[in-house]
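The listed protein sequences correspond, in order, to chains A and B.
Be aware that the first sequence starts at 1029, since it is given in my numbering, and climbs by one per residue.
Be aware that the second sequence starts at 4, since it is given in my numbering, and climbs by one per residue.
Be a bit skeptical, because a hint or two may be false.
Stated by the list, open to error - To give an idea of the chain B side of the interface with chain A (calculated C-beta under 7 Å), a few residues: (1) Leu6; (2) Ile10; (3) Gly14; (4) Thr47; (5) Pro63; (6) Phe77; (7) Val88.
Read the hints as simulated data drawn from the structure, not as lab findings.
Ideal Cβ positions, reconstructed from N, Cα and C, are used throughout, including at glycine.
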Amino acid sequence: MTPLEIAVLALVAGGVFFTLVAAVGLLRLPDVYTRTHAASKSDTLGAALTLAAVALTFGADLSSVKAALLLVFMFITNPTAAHAIARAAADQGIDPWTTDDEGGAE
Amino acid sequence: MTLVNEILFGGVAAFLVLSLVVVYRVVRGPTMQDRVIAVNAIGTNIVVIIAVLAAATDSPSMLDIAIVYALLNFLMSIAISKFTVERGGVL
Chain A
1029 MTPLEIAVLA
1039 LVAGGVFFTL
1049 VAAVGLLRLP
1059 DVYTRTHAAS
1069 KSDTLGAALT
1079 LAAVALTFGA
1089 DLSSVKAALL
1099 LVFMFITNPT
1109 AAHAIARAAA
1119 DQGIDPWTTD
1129 DEGGAE
Chain B
4 MTLVNEILFG
14 GVAAFLVLSL
24 VVVYRVVRGP
34 TMQDRVIAVN
44 AIGTNIVVII
54 AVLAAATDSP
64 SMLDIAIVYA
74 LLNFLMSIAI
84 SKFTVERGGV
94 L
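Only chain B is shown next, with the shape it has when bound in the complex (with noise of 0.2 Å):
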């Protein structure tokens, strides 16, 4: 194993811990915005974690799976606020 890759799996484990600390908030937060922005954090770092794994395992194929999922995570968000707004809340 290279020193890149050491570089890269390093920090595969930092995001997971960070993720693992905002579903803090997920859990606990006050209203249903807090939980949503939370959500979304998580989205983010777990396509970052995709993309990191795909360089530090030499498989490029995973790249597309963190396209799909960054596409998926942006239209949860919209869909979200655009419910809360015109329904008062999807909850």
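Pulled out of the complex, with its shape left as it was, chain A reads as follows (with noise of 0.2 Å):
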């Protein structure tokens, strides 16, 4: 294997892996916070790596820096974008989740 293609299957491999992280966790999680979290930080760790590994296929091109900007606008929106979501369930009045629901702690 040429360093090219371990670079990208590291890259490609890892971009899976959290985003299986994240639907794990959109999956389990107990309540809209907590998947708001799952959802904004293990989903732009995948999506990143994996359009890293897009930017590195191409090689030095103009669609390597069309996939950077790709990334950037994704590391910059996503987060941005779960924020929102999670302050309008706020003012919604949406409670968050605590052990206290389920008659466990204390």
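Since each chain comes alone in its own frame, lean on the hints to assemble the complex.
Given below as structure tokens:
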């Protein structure tokens, strides 16, 4: 394997791993705010790693500049959107999940 | 087909499966914000899928489509959260 193939493989594998973490978090976490957390952090990192693999594949070209711009755009907008949605949920009066809801702690 | 292309197509398949799994949250999500978060995550995955397909099939013009899709995805989330606060929901 050439160094390029190893780098692309590592980046795509890391991206798929963090997207898997985001999907598990979206399915398993208990309320809106924790799911927002999973989607904004893990999904952004997974997308950024995979887009870095895309930029690496195109090499020295205008296309890799476009892929890098897409990466920067993702890094800025994805957490912003998650923050706006979580703020809308807070304004609508959705209560955060606590352990008291299950009758467990204390 | 080179090894890089095979790796990229494998990544596309994995991202597709993960997007389909997240559809469960869109269908079931108790609140509207859950659905918006899940749709936003699926949109992010689709942008990545388009970009990786552009690299795998060596067609750089698909990157422009990915950029436009990312813009629309962001606008949708911001618009829905804005309407939720000011008018009490769009759905």
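Hints versus structure:
Proximity of B/Leu6 to chain A holds as hinted, the smallest CB-CB distance being about 5 Å (cut-off 7 Å). A cut of 7 Å between beta carbons decides the hint on B/Ile10: the least distance to chain A is about 5 Å, and the hint holds. Taken as an interface hint, B/Gly14 checks out: its beta carbon lies about 4 Å from the nearest beta carbon of chain A, inside 7 Å. The interface hint given for B/Thr47 holds, since its Cβ lies 5 Å from the closest Cβ of chain A, which is under the 7 Å cut-off.
Here the hint on B/Pro63 is kept, as its CB sits about 4 Å from the closest CB of chain A, short of 7 Å. The beta carbon of B/Phe77 is positioned within 7 Å of a beta carbon in chain A (closest approach about 4 Å), and the interface hint is therefore held. Checking B/Val88 against chain A by beta carbon gives a least distance of about 5 Å; that is within 7 Å, so the hint holds.
When the structure is compared with the earlier hints, no violation turns up for any of them.
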